[in-house]
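K.L.:
The lines below spell out each chain.
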Amino acid sequence: MANIPDDLQYTKDHEWVRVEGDVAVVGITDYAQDSLGDVVYVELPKPGDDVTANDPFGSVESVKAVSEMFSPVSGTVAAVNEALADESDKVNKDPYGEGWMIRVKLSNPGEVDSLLTAAEYEDFTKAEAE
Amino acid sequence: MVDFGGWDMPVQYRAGTIEEHLRTRKHAGLFDVSHMGEIDVRGADAIALVNHVTSNDASKLIDGQAQYSALTTPDGTVVDDLLVYRFAADHLLLVVNAGTTEKDWDWITSHRPDAQAELKNVSTDYCQLAIQGPDAVHILQKLTDLPLAEIKYYHFIEGEVDGIASIVSRTGYTGEDGFEVYADGAKAEQIWNKLLDAGNYGSETGVLPCGLAARNTLRLEAGMALYGHEIDESTTLLEANLGWICKLGKGDFIGREALAKQKETGVEKRLVGFEVTERGIARDGQEIVINGERVGKITSGSPAPYLKKNIGMAYVPTEFASEGQEIQIDVRGKLIGGRIVKTPFYKRAK
Chain P
1 MANIPDDLQY TKDHEWVRVE GDVAVVGITD YAQDSLGDVV YVELPKPGDD
51 VTANDPFGSV ESVKAVSEMF SPVSGTVAAV NEALADESDK VNKDPYGEGW
101 MIRVKLSNPG EVDSLLTAAE YEDFTKAEAE
Chain V
1 MVDFGGWDMP VQYRAGTIEE HLRTRKHAGL FDVSHMGEID VRGADAIALV
51 NHVTSNDASK LIDGQAQYSA LTTPDGTVVD DLLVYRFAAD HLLLVVNAGT
101 TEKDWDWITS HRPDAQAELK NVSTDYCQLA IQGPDAVHIL QKLTDLPLAE
151 IKYYHFIEGE VDGIASIVSR TGYTGEDGFE VYADGAKAEQ IWNKLLDAGN
201 YGSETGVLPC GLAARNTLRL EAGMALYGHE IDESTTLLEA NLGWICKLGK
251 GDFIGREALA KQKETGVEKR LVGFEVTERG IARDGQEIVI NGERVGKITS
301 GSPAPYLKKN IGMAYVPTEF ASEGQEIQID VRGKLIGGRI VKTPFYKRAK
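Chains P and V, in that order, are what the protein sequence lines are.
Following the numbering used here, the numbering of the first sequence begins with 1 at its first residue and continues without gaps.
Following the numbering used here, the numbering of the second sequence begins with 1 at its first residue and continues without gaps.
Everything labelled a hint here was simulated from the structure, so no lab data went into it.
Watch out, some of these pointers could steer you wrong.
Heads up, incomplete: computed chain P residues facing chain V, CB under 8 Å, no partners named [unchecked claim]:
{"#": "1", "residue": "Lys12"}
{"#": "2", "residue": "Asp13"}
{"#": "3", "residue": "Val40"}
{"#": "4", "residue": "Glu61"}
Note that beta-carbon positions come from the ideal geometry of N, C-alpha and C, so glycine has one too.
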């Protein structure tokens, strides 16, 4: 069963968000990394780039497939996880920790209210699996 | 699980594609390839029939030998690639791809010469399990008295594996030493489980069950063609670097004239291997750019887990089809660098 921490918020595209003041940390969920399999390449925006809620901000690739990642929030990229360039398997091993993708300075903090709670996301993944 | 030619097949097992791939290179991998089709050819003219519809020369086979070959169209393009097994002068077995078995059957039965030979689609009679990797011979030997070490590459013998009548063939699709075992389909699970046990499945150095994704990355590193990717009815054997299975001197066969002509005039495009030299992964269907021109398409592109590179195969105009040629690949709108390299990308130490 996929790990879905209670203190995070989620999207239906399987990203997670941790809000820290006016910054949101974004990554992909345990469910997502498990479905993808071994992550071998991650493409991320550059610090300073703008991202828009529900628009693609990067991609994550397994041996077999490429998946786009969609930004849960709007704002400016404050930092990206440079370590993933050489150690993309961190996404598999620690999706909510060392496998984080980007930090976004929120331009519209109200957007986070529309994200899914852990319980809602769990229901969503169960429905999707059926 | 994915649908593959009508078969439900696992893309990967629990260990994941990379580990499955590496374990096969270092120790052993077990593949359920029962989806492959089998067509039995029997009769006094069995060899003549097969030689008429395929490009390699089946008359060169001896009993207990197999060869790689292709069913060809009159244009010299490929209906399917296959293995031809010779049991006796009047008994051959064709092992074909799953997704093309019906097409092959229709093709062969509608193009067969009026010869003394009987064809039978026996695909559902057989399971096929492939045990591949440097430890394969030791693992399989635990289940059989057959002298496995004496079987030469592309040869086979008949006998019992775990008490079950089988065909044991020293062939594979991974670039490793290994065997393919054909037996009664009802016995697949028994042989599968015994091979896992014999191979210490569960230990760090034991055999791993491998899915379609590892089968694909292993064959790609080994530079082997996959039907529907490198070869199909739009590419000729010569363009696909498969001139070595075009025996133009063996007598007439479907496609011989076209292939002979193309051999004389030369091919306009050719299949090459390449590696990506910048960050990014090349994928099937992406375009190759040389000197700013879109000149070709990728037939297979993937990370290569053992080589730790991103590699692929593509068709490019013959003028560019040489080692060291710099290329660019259009990866979803972004051009990244690459270079044409020699294939196979990976060759095992003998």
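K.L.:
Are the hints correct? Go through all of them and say.
P.N.:
Now the hints, each set against the structure:
1. Lys12: At about 23 Å, which exceeds the 8 Å cut-off, the nearest Cβ of chain V leaves the hint on P/Lys12 violated.
2. Asp13: violated (18 Å)
3. Val40: holds (5 Å)
4. Glu61: OK, holds: P/Glu61 within 8 Å of chain V, min 5 Å.
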